[in-house]
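Read top to bottom, the protein sequences are chains X and Z. Convert by adding 25 to the 1-based position in the first sequence; the result is the number in the numbering used here. Convert by adding 25 to the 1-based position in the second sequence; the result is the number in the numbering used here.
Treat the hints as calculated values from the structure; they're not laboratory data. Don't take each hint at face value.
When chains are identical, the list treats them as one kind, so a pair holds in a single copy or across two.
Below, a list of computed lysine-lysine pairs in the DSBU-like style, where the Cα atoms sit at most 30 Å apart [unchecked claim]:
1. K174 - K130
2. K212 - K292
3. K130 - K292
4. K282 - K174
5. K215 - K292
6. K174 - K277
7. K174 - K200
8. K277 - K135
9. K205 - K135
10. K282 - K135
11. K130 - K277
12. K292 - K282
13. K282 - K130
14. K277 - K215
15. K200 - K135
16. K174 - K215
17. K212 - K174
18. K292 - K277
19. K282 - K215
20. K174 - K205
Protein chains: 2
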Amino acid sequence: MAQPFDFGYVDEPFRTLASEYPGADIYPPDQFRVEWGPIFHRGRLDGSARVLVVGQDPAQHETVVRRILVGEAGRRLQGLLAKLGITRSYVFVNAFLYSVYGSVKARTRKDARLVEYRNRWLDALIGNGRVEAVLALGSAADEAWQLWKDTPNGQAFSAAYAPVIHPTYPESASKGDRAKLAEGTRKLLKNWNGALQQLQTAIAHPDAATPLALYGDTWAEGDRPPVPALDFPAGLPAWMHEQDGWARRVGKDDLEKRRSILIRVPKGVVQ
Amino acid sequence: MAQPFDFGYVDEPFRTLASEYPGADIYPPDQFRVEWGPIFHRGRLDGSARVLVVGQDPAQHETVVRRILVGEAGRRLQGLLAKLGITRSYVFVNAFLYSVYGSVKARTRKDARLVEYRNRWLDALIGNGRVEAVLALGSAADEAWQLWKDTPNGQAFSAAYAPVIHPTYPESASKGDRAKLAEGTRKLLKNWNGALQQLQTAIAHPDAATPLALYGDTWAEGDRPPVPALDFPAGLPAWMHEQDGWARRVGKDDLEKRRSILIRVPKGVVQ
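Turn these sequences into a full structure, and let the hints guide you.
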């Protein structure tokens, strides 16, 4: 069996970016789970990306896989990109290297060192001139993008840009209320339909020409495809990219929960 | 802060070996934890290794880090190599790609397809002619080495070879009995002292010339050094290579335990 995988941070400038990164002095541990280490990206680093996505911060699945947007949010994003005909020519970075703990202070978000490091990633990913569209997931991502747009490289960049509602906004906004969840999902998908209509014409080189099929009022079959094996480090089992919900924070109190991630192989994989 | 890391399986033949590997048809799930995916190696793949170590099989820390010999066994091995002046010019592969579950049947161990794949790794790691000494940890590793030695490439290879007792033999053999643990440790370290004396003269190019200091009857300060960050994938937190015991299998029954790994950040890392 042949299983493609992501080579990671081999070529410059990514090699340096993955070995010299902001630590707890720039990402304060009262606002970020720095103890789990930075998680840098997902997708193509070889200059073949046509769509750049700026996300927010990594969560527990990302911490295990060491790639961003591999959980539920990532699968929803994968579906959005598929509707644009983009099945592999994408690259994702987050606004934050570490998982947010509680909330992020404005002073931290705007720390020049935090912004400068992230801008080096954006410079590197945009630099070769192939990116045709940029998506930002949520407000932190939008702010990150605007801070890069203020730089000389950002000002020189003119591809399409769509800030959209974060993929797991419905869950965050509804806190278990089913009616609110349905309403939030409807709002999200309407917002994403707008982005689809805006970006479709901007993407001149999709991986597969795809007639535009807008979202309905709720998730449909096929809207949350698996993450491709190609985006994962070598040797990870198929259930890690085909399924979701296999990693969770556990513990009897906040500190214990912060310290612990339980990985559980999904039902049916082990007989 | 600059943190070196391991680039992994970028160059051939490792690129192919890490994407086309034996699965459940060759490693039966009643004998191996195939559900966690294969774990391939630790150390130098760039031809700079002077010492090759054959280990047995990966456990739970290895499953999270996706490199072999990163738990207690790995730290003990790291100490053994340091006594030989080898602090980075090493490479490790295991007899088995997957974690052993229960015990391995002879028919499985000798499956020509399992052996052939492992021999391709050994061919690749030995091929450049720089390896000056080989260590095998435990009997499965020794058998693996002998099966390679039977091949034409193996027959042509003549560097020093020391089969030694597996680093965590004292724990496996004593099952919680303190007197047996002390006795097992004494036996292990005496065995390792023999290997040190044998291999020291064989290693013509250590990383640092080191006067031979044999082990005592039990572990001493410095005998279990941390695993270097250089051996880990990018971005993993320092406690994963500096400490041990942060991953364990949990669950109320065998199936649940097989399905679950709990990662817990060591005390003191999160305040």
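field: Unsatisfied constraints (hint numbers, rising)
entry: 2, 4, 5, 6, 7, 8, 9, 14, 19, 20
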